Structures are given as C-alpha cells and as structure tokens.
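Can you make the complete structure from the sequences, with help from the hints?
Under UniProt numbering, the sequence shown has 38 at position 38, and the numbering climbs by one with no breaks.
Careful: at least some of the hints might be erroneous.
Okay, derived cross-link-like pairs now, DSBU-like style, lysine-lysine, Cα gap no bigger than 35 Å in a straight line [claimed, not checked]:
#  : residue 1 : residue 2
1  : 27        : 135
2  : 257       : 333
3  : 578       : 561
4  : 172       : 118
5  : 172       : 143
6  : 409       : 128
7  : 578       : 622
8  : 326       : 159
9  : 513       : 561
10 : 135       : 98
Listed next, with one range per pair, are the computed distances between beta-carbon atoms [as the list claims (entries may be wrong)]:
#  : residue 1 : residue 2 : range
11 : 179       : 260       : 36 to 42 Å
12 : 253       : 175       : 31 to 37 Å
13 : 211       : 15        : 36 to 42 Å
14 : 220       : 280       : 30 to 36 Å
15 : 325       : 616       : 55 to 61 Å
16 : 181       : 211       : 17 to 23 Å
17 : 135       : 525       : 53 to 59 Å
18 : 135       : 385       : 33 to 39 Å
19 : 181       : 395       : 55 to 61 Å
Because the hints were derived from the structure by calculation, they are not lab data. What you are looking at is a predicted structure, and each value in this text was computed from that prediction instead of being measured. Backbone N, C-alpha and C define an ideal beta-carbon position, used for all residues, glycine too.
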Amino acid sequence: MPFVSGQNYQIDSLSHLLQNEKDSPIKLELLEELVTVQSQSDFEKAIVFARQGVLLSDKTNNTKWQPKFYEMQGRIHANLLELDSASFYFNKALVGYKTIEDQRGQATTYFKIGWVHKRRGEIEQALKTDLEALKLMEALDDKAGIAGAYSRVSEDLNKQGRHNEALDYALKTIDISKKHQLDTELAYAYTSAGDSYMAMGNFQESYNYFEKALRLAETINFSVFDIINFSNNRANALKRMGNYQDAKKEYDSTLLKAQEVNYENAIYVITANLGEVNLLLENYEEALKYQLETVALQEANKDVSNLTENYDHVSTIYEKLGNFPKALEYQKKARVMRDSTATIESDKVMSNLLTKYETVKKEATIKTQEATISQQQKTQTLYIAIAALLTLSLIGMLSSMRNIRSKRKKLQVLNLELETKNKQNELLMKEIHHRVKNNLELVKSLISLQSAQLEDSATKDAMIASQNRVQSMGIIHQKLYQGENLGSIEMKDYFVNLSEGILDTFNSEDQVKIECAMDNLELDVDTAVPIGLIVNELLTNALKYAFPDNKKGNIQISLLKDRPNILTLKVVDNGIGKTDGMAPKGTGFGSQLISLLTQQLNGEMQEENTNGTSVLFHFKLKPAA
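The following block contains the structure:
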C-alpha cells in the first residue's frame, strides 16, 4: 500500500504540472514520465497518457518524440493483448527511429516486434527480429541491451525446440548480467534458464531458477506485472513437478493480482494454466470453465501461441466428461490450427527466399543498364540471355516450391493417418491385456473353488500355489492395460500389489509385513513376468514355512540395476530359516520353477540361512537391440 500511495501522489503531481505547462517539449517529457509510472499499475490509464503523447508529438511534428510515444502506445496495446494495434504502432516507431538514426530505439522496438511475432506463432520471424536487435546492441556495446537480446534469443530457440542452444544463451546472459551488475537483466536471464530446464524435463532446476528470478524481482522492486509473470512461472514448475495443489494455490493468488490491475496478457495465460492443473487434479468441470475462457480470449485476440495445446486440453476434458462429440470438435480444431500454423511458417520462409531473389535480380538489372551506356549491342544480347536464364530459374523455383508444398501436405496426411493407427493399435493392445487379465482372474477363481472342495492338505497347498502364480501373471497384464507404456512394467508398484494379493490368500496381513525396499524401476514384459513368478514362489514359501505357529515376521524385497545389463533381486525374511540337510517341504515344483526361470534369465542364485532365509539373484540382461 505505501508503494501504491506514493505512486498515486507522483501521478497527481505530474498531472498537475502537465495541466499548467505550455511548452510542448516539456509537456512531452511529463507525458513520458506519466506513462512510465502509470504502466507499473494500470495499463488502461497509462494508454490515455500515451495517446496524448502521440497526438502532441504528431501535432508539433516532433520527430524525436514521435517514435518514443509510438513505441510506448504499442507496448501497452501488447500487454492488453491488442496485437494488431501493437504491431501497427511498433512499425511506426521503427520507421521513426530509422528516420532519426536512433539505433537503441530501433533495437528496443525490434524486441517488441519480436514479442508480437511470438504471440502470433511466427517463431522464425521472431528470432530474425531479435537477432537484428542483438546486432544493434552489439554495435552500441550496450551490455544491458546485449543481455536482454540473449534472453529473447533463448526464448525463441526454446520455442523452436532447440533447448540446449537456448540454455547456452541463458547461461551466457547470467554471466554477463552478474559481471556488469545488471540486476534487471539477471532476473530475466534466470527466467530464460528456468524455461530451458523445464523444456528439457529438469523441473527441479527449473523451479530453482524461477524462484531466484522472483526473489530478485521482489528485492529490486519490479513492477506488479513482472511479479505476476514470475509467480506464474514458479507455479508452472510446481505443476510439472507434480505438486498440483501448491501450483493451483499459486495460480489462484496470481490470477487475482492480474485481475486487479487488468493485466490481460497474464490473465489468459494463468487461466489456461488453471485449466490444465484442474485437469491434472481431475476437477474436470472446473478445468473446462478455465480452458473455454482461455480459448475464447485467444480467438478474440488472434493469439495463436499455445492455442493448439489449449484446444487439445478442451478435447481431453470433454472426453473425460463423456461428451465425445465436443471432444471430437476440439480435436479437429487443434488439427486445423496445427496445419495452419505450419503453412504460415512455410509460406514465410518462401517469401523471404523470394525477396532475396528479387533483390539479386534488381542488382543484376542495374549493372546491366550501366553497362549499356558503353556497350549497347553486347549488353542487349547479354540482357536477353540473362532474362531467359532468370525466367528458367523462376519456372524451376516455382515448380520446386509446388513440389515441396505437395510433398509436405502428403506427409502431413500420412503422419495423421499413422497417429490414428497408432492410437487404434494402442487401444487394441490394452483391450487384449484387459481380456487376458480377466481370463487369468477366471482361472484363479476356478482354482480357488476347486481347492475349497479339497481335503488333502498337500493337494490344497499345490492348488493355492498355482492360484498365486496365475495371480502374479494377472497383475502384470493389469498393469499393462492401466499404464501409459504398453511395453514395460514398473516393478515396485507390481511387487506391492503382488504382496498384498499373497498376504490376502494366506490371511497373513496382521502376521507378516512385506516391504519393497527399492526405487521405481521399469522392466520389459519378457523380464518382468519370470521375475514376478520367482518372487511369487519365494513369498509363498516364506508365508507357508518361515513363520510357524502364527509367528510374526518381516519379508523384504529389493530389485535394482546396479550395473549395466545386470539386475540384482534379493528376497529376505527373518523367519526360522532352514537347517542344512533338512528335507525340502512340499512337492518341490516351486524350487524347480525358480531354477528354470533363473536359467531363462541367464541368472545365478545364492541362498543363505542365517537369521532367517536370504535369496540373492543376479540376472544378466540381453543388450538392447
């Protein structure tokens, strides 16, 4: 509140001076300061002063101030997501700065033009514009400007998927900013580094850099708009780290701040993020409300950045809610947007090539006309030859361009068909695993019914052991159709489910505790099934023989990949163990099965009977193809 009160007092003082001032240049200086101060809290009010500056500088034909106010008005339009107006004033500012040969003004305007290109999805053009600004800043040896340009180039490279290069630019910006004590640029450099690490999947490091940016911004009194942006970045990192509730809490508080100052650019970005985090929290109705609001804002402002992603989110939410027609409608919108964006970028590249070609052609024509003065006859012949060659080249280029477009369209169709077939195959595989699991569950139930009618304990034990083996394989197929990866199993979660099932079979939940002392580890199905059967046999034997007379005990399972292509499995219990020379209990089929499965996995088994039983396996995995 003290900051706001002081700001209001400053605005009132400046407004009073403006009303009483008659000299136009001084009035323009006062208007510039009013725009700067008011922009820290309210863009709607700031644009009023910016328009006054534009009108006054145009009226007095003040070429020094005209581009400055064009740039200021364009910046406010940009923050209000009025992209067409922003682009119009930035282009006017650039022309004005070039007229008065103001290189720094040109560079800062290029930065802003690049920002508009990014919002429109014109990533290649944004990069070219930011590189133009970088050249100007380097010519001026403006360290702050160079650092700012590096941050923007880093952002452009991230949007193009060139994340390692983007991170290099961000770290380079951090070094320059620290060396020259550029705190403002350092905060933005931390943000660029955070963006790169997030794109590379290192969410903890991303969070660390976003936290640094926010703390530094608060220390050096950044505007409320920058604080909102940095807070949104930190919430993004929390979301990617899986801390959905913490992320949602920060998004909610940040959205309130953005709404208080009418920060349109941030409002729709945070709204989109709230839609996604509610989707991840399975709050589908709430997620739909935020996503539809975001899409409406983007469509109204012709802002295509992330619009494809937001269409996809709306489609997913409708699918989760069971509204399949709407899900299909937004899926089609996402596909159309994806295709149209690709076409825009392709046409832009071709347009640039054609422009360069026409420039070369004009230069050649000028040289030919100059040569005509002294050698008219030779020049005419040469001109005809050059014209013919250029015509052939143009025909060849146009033909090549048509072929390229045709091939790209065909490739897009093939990619779409392949994506559809892949999804169909994935659904089919999940259905197969589901049916196999159900069939195994039926077999398990039949064995259970049969064993319930048996009186012979040895036969009954054998039936229960078979029931557990079937269950271990059933859990594998259940995990496959429930998971995202159809080719692998997360073994820790699998062991937990297997342990619970076996304890339930022997009614030993209160007697024996089974602990999975291991990290998450994914294995392919061909390796997971035999290992699951081995662990099933060891757990069954331990529960049958290691804890007689309802003795309480513990069993520990661990599986780790401690060397390349080597898996180590260890199952330990603190039961009564076995005495050397003791005759094996049961039919011996379980031991035979363990031996065969160990050989199948090219493994070795070691057993110790000190303070219980410890069984250790080393499996040599086949190298990946």
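Results for each hint:
no. : hint                  : in the structure
1   : 27 x 135              : holds, 34 Å
2   : 257 x 333             : holds, 32 Å
3   : 578 x 561             : holds, 29 Å
4   : 172 x 118             : holds, 22 Å
5   : 172 x 143             : holds, 12 Å
6   : 409 x 128             : holds, 26 Å
7   : 578 x 622             : holds, 34 Å
8   : 326 x 159             : holds, 29 Å
9   : 513 x 561             : holds, 25 Å
10  : 135 x 98              : holds, 15 Å
11  : 179 x 260: 36 to 42 Å : holds, 37 Å
12  : 253 x 175: 31 to 37 Å : holds, 33 Å
13  : 211 x 15: 36 to 42 Å  : holds, 38 Å
14  : 220 x 280: 30 to 36 Å : holds, 34 Å
15  : 325 x 616: 55 to 61 Å : holds, 57 Å
16  : 181 x 211: 17 to 23 Å : holds, 21 Å
17  : 135 x 525: 53 to 59 Å : holds, 55 Å
18  : 135 x 385: 33 to 39 Å : holds, 38 Å
19  : 181 x 395: 55 to 61 Å : holds, 59 Å
The structure is consistent with each of the numbered hints, conforming to all of them.
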